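Protein chains: 2
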Amino acid sequence: MINKTKSHTFEILAEDSKSQARRGVLQTAHGSLETPCFFPVGTAGTVKTLSPDELVAAGVQGILANSYHLYLRPGLDVLRSAGGLHKFMNWNRPILTDSGGYQVFSLANLKRVEDEGVLFQSHIDGSYHFLTPAKVIEIQRAIGSDLMMPLDLCAPYPTTYAQAKEWHEQTLLWAAEARLEQEQQPFLYGHPQELWGIVQGSTFEDLRRESASELVAMNFPGYAIGGLAVGEPRAIFLEIVELCAELLPEEMPRYLMGVGTPADLLDAVALGMDFFDCVLPTRVGRGGSAFTWKGRLSVKAAHEKEAFIPIDLDCPCYTCRNFTRAYLRHLFVAEELLALRLVSLHNLHFYQELMARMRGRIADGTFSVWKSEIQQILREVESGEQVANNATE
Amino acid sequence: MINKTKSHTFEILAEDSKSQARRGVLQTAHGSLETPCFFPVGTAGTVKTLSPDELVAAGVQGILANSYHLYLRPGLDVLRSAGGLHKFMNWNRPILTDSGGYQVFSLANLKRVEDEGVLFQSHIDGSYHFLTPAKVIEIQRAIGSDLMMPLDLCAPYPTTYAQAKEWHEQTLLWAAEARLEQEQQPFLYGHPQELWGIVQGSTFEDLRRESASELVAMNFPGYAIGGLAVGEPRAIFLEIVELCAELLPEEMPRYLMGVGTPADLLDAVALGMDFFDCVLPTRVGRGGSAFTWKGRLSVKAAHEKEAFIPIDLDCPCYTCRNFTRAYLRHLFVAEELLALRLVSLHNLHFYQELMARMRGRIADGTFSVWKSEIQQILREVESGEQVANNATE
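Residue numbers (our numbering), protein chains in the order written: chain A, 41 to 433; chain B, 41 to 433.
Calculated directly from the structure, the hints in this document are not laboratory data.
Predicted, not measured: the structure shown is a model, and the values here were computed from it.
Mixed in with the good hints, there may be bad ones.
Since copy identity is lost for identical chains, a pair holds within one copy or between any two.
[Claimed, not checked] Computed cross-link-like contacts, SDA-like style, restricted to lysine to any residue with a CA-CA straight-line distance of at most 25 Å: (1) Lys127 to Lys345; (2) Lys151 to Asp165; (3) Lys58 to Leu159; (4) Lys340 to Leu159; (5) Lys205 to Gly271; (6) Lys58 to Gln225; (7) Lys345 to Arg152; (8) Lys151 to Gln392; (9) Lys127 to Asn362; (10) Lys127 to Val373; (11) Lys58 to Arg397; (12) Lys334 to Ala396; (13) Lys127 to Ala97; (14) Lys345 to Ser167; (15) Lys58 to Asp404; (16) Lys127 to Glu94; (17) Lys334 to Ile349; (18) Lys127 to Asp354; (19) Lys127 to Glu55; (20) Lys345 to Gln161.
Excised from the complex, chain A in its bound form:
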C-alpha cells in the first residue's frame, strides 16, 4: 500500500470571535489530538526523567521526538526491529518528529550545505553523516511518527536577506523532494504517517509569503512555521506568526515549532496557531523552576526552606498532591534525581492545563477576555523573555 493518504482529518470545532484562536481536533493513527495542543519534547525516545504513565497522567496528548538523535542512537536498525518508536518506548499516543535539520545546525558540527542535503559530524562521536530529504523521510519512517517534517534549513537570527532567501528556496525544493519520497514509500508499520510543510524565510515578509504560498500550492495536510524563537525580538516574532497564519489555509492545522512560554502560547493561539512543542517546561523544571497561575517560582529559593505547601495549592498533579516546596528544595540541594522528575511532572501538568483552559475558553467564547487577564499575571514574571528553540533536551 503506497502512502498516498496524506491527510489525517483536521476539524475545527470552535472559533474565537475576537481573535484568530480556534479549537480543533486532529485524528491520527494513534488517536486524536485536541487543539490547541502542546507536545513535550522526548529527544531520545523519552521525555527526560518521566515515564509514559506519568505523561498520560499529566494529560500529555502527544510528544515530539528528535529525528537527529534517534538516527544516531539507537539507530534505524534498532528502531525498525522494535517496530517503531511507539513500541520501543511504550508510548501509544501520537508522535511528532522534527526533520533533524535544526540539530545539525545547533548541536552537530555542520560541515557543508549542498543542494542535495547537509553534511555534518555527530556531536556524539564525530562520525560523518549526510542528511538528504529522502534520508530524513527514511529516518522518520523508521521512527513511525504520526506527523513528519521535511528536511529544512533554519536561518539564525539575525541573518542577511540573501542567506534567508537562499535557504528558504532550498527548503522549498527539499519539501517537494521529501513529499515525493514519502508518496513512493509504503507504510512501514501499517499505519499512515503524515508529512507537513515547513514555512521558512526568517523575518522577511516577502520570503515568508513566497514560502507559504509555494507550500500551500503543494497541498500539504498541515503546516509548520520554522525559523522563529531563535532570538528575534518578541514583536517581530508575533508579526511573523500573524503573517503566516494569514497566509496558511484556514482549514489546515498550523504548528509553531519550538514555542514557548505560557505567554507565547497564549499570543500564538490568539493568532491562529494549533500545535506547539518546546523543551521549556521540562528543562526549567530540571533546574527547579515551576510554572504556576501566578507566575514562575524557584523551589530552590532559600525562602522555600520551610515552605510546607505545594508548588500550587490548587494543582491536582502528583507532585502538588504529595510534596511540599520545602521537600522539593531539599531534594534539589541534596542533588537528588527525584527533584528533577517532580518539577518536570508539575510543569508538564501546568502546560497541559494551560492548553485545556484555552480550548475551554475558545469553546465558550471567553478566550480573549480571559487571555488578557491571565497573561497580565503571567507576563509579570516573563517580560522580555525569549526562549531559544533548539527542540532538543
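Go by the hints and put chain B onto chain A.
Below, chain B without anything else, positioned relative to chain A:
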C-alpha cells in the same frame, strides 16, 4: 508522655526446622513489618530516583534513612517543622535510621574519637560537628524514625584486637547513654520510637560474645549486628552472623546492617536474621545491573541492543511489564535518567519478591530445600563477591 514504651511487638509466626530461619512480624507506629524484611536505603529522605508510590508498588515495607545525611541536610529545624521525615517525604510506612556513626568513618573527615563522642568535618562544606550518643538520639527524634540506632563505632576490616576491643567497649557505654537519653525524652510527634542495640566486636568471637551479652542485659527491644560486610571473607562473615544469632534472644528481632546480595540474604536468614538494609539493588540498578532469578544481567551489554524482551519475562514490575532490555540499554547509552529509575525499580521489586518468597518458604516448611536450589543459581554470578556496607547512597 515519657518514652518508656521501648518495645513494639515482635511475634514469630513460623520457624524453619532445618535452619534458624524464622518468619515474623514487627508492629510499629507506621504499620507492621513482615520478616524477613529488606529495607532499601533512602539516604537523604528519598530512595534515589524513586517516588514513594513506586516503592509501595514494588512491595517495599519500610526504608532506611541516614541520620548523618539528614542532620546535615535539610537539618533538624526543617525536619521538626515538617513534623518528621514521614511527613516531609510523604512516606507513611516504617522508617529505620542508622546512627550516623558509620558515615562519620566512611564519608566524613573523622577528626577525633573521644569518650564523649566523635568530632568530624562535614563532607559537604567542611564544617565541624560533634556527635554524642545524646545528639544522635536528638537527630533521630527529629527524624521521627520508628526504629533508632545508638551511636556506635564500627571497626574496619582488618583491625587489631586492641582496637576492636576499645571500640566495642565504647559502643557499649554509648548504647547505655543513648538508652538513658531516649527514655528521658517525650515522643516528639506523638508516636513511639524504638531504640535497638548494636553488637560490635569485629571478627573476634570473645568480643562479640561480650558485646551481645552486655546489650542483652540492657534489655533492648531489638538488636542490630554491626561491623560486618566491611570487606571480611565471606566464611568469617557467616561465622560471626551465626554466633551473634546464637547469642541474641530468640524472641527479639535481629537486624544485620548493610547486607547484602541475594545469596547473602538467603544465608543470613537461614542463620536467624530478620532485618536487612543495603544500597545494592538501587546502586547497581543505576549502573544498569538487574537482578533476576537466573542471576544478574547488565542491560547495558552490547548483546542486549536488539533484545526486545523484558529483564525478566515473569516479573510483574512496572519496568518488566512495559519496557524491553533494548530500550533500557538505549536509555543508558543515551544517558537518560529514566534508565536509572526503571532498573532501580525492577531491582527493588526483585528484592521484595525474594523476601516474600523466603517468608512463604519458611511458612510452608520448604525453606532449606528451596534455598539451596535457588542459591546455586544465584551464586553462579555472585561467587566471591563481598559488598562493602556504607549504608549511604
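Evaluation of the provided hints:
1. Lys127 to Lys345: between (42 Å within a copy, 15 Å between copies)
2. Lys151 to Asp165: For Lys151 and Asp165, only the intra-copy Cα distance (15 Å) is at most 25 Å; the inter-copy one is 46 Å.
3. Lys58 to Leu159: Neither. Shortest intra-copy (47 Å) and inter-copy (70 Å) distances fail the 25 Å Cα cut-off.
4. Lys340 to Leu159: neither (42 Å within a copy, 30 Å between copies)
5. Lys205 to Gly271: within (19 Å within a copy, 69 Å between copies)
6. Lys58 to Gln225: Classified as neither; 43 Å inside a copy, 68 Å across copies.
7. Lys345 to Arg152: neither (51 Å within a copy, 32 Å between copies)
8. Lys151 to Gln392: neither (39 Å within a copy, 53 Å between copies)
9. Lys127 to Asn362: For Lys127 and Asn362, only the inter-copy Cα distance (10 Å) is at most 25 Å; the intra-copy one is 31 Å.
10. Lys127 to Val373: between (36 Å within a copy, 19 Å between copies)
11. Lys58 to Arg397: Answer is within; shortest intra-copy Cα gap is 17 Å, inter-copy 66 Å.
12. Lys334 to Ala396: Answer is within; shortest intra-copy Cα gap is 17 Å, inter-copy 48 Å.
13. Lys127 to Ala97: both (19 Å within a copy, 24 Å between copies)
14. Lys345 to Ser167: This pair counts as between: shortest inter-copy Cα distance 20 Å, intra-copy 47 Å.
15. Lys58 to Asp404: Within one copy only: 12 Å inside, 74 Å across.
16. Lys127 to Glu94: both (17 Å within a copy, 23 Å between copies)
17. Lys334 to Ile349: within (15 Å within a copy, 46 Å between copies)
18. Lys127 to Asp354: Classified as between; 20 Å across copies, 35 Å inside a copy.
19. Lys127 to Glu55: Intra 36 Å, inter 47 Å, cutoff 25 Å: neither.
20. Lys345 to Gln161: Answer is between: at 23 Å across copies they meet the 25 Å cutoff, but 45 Å inside does not.
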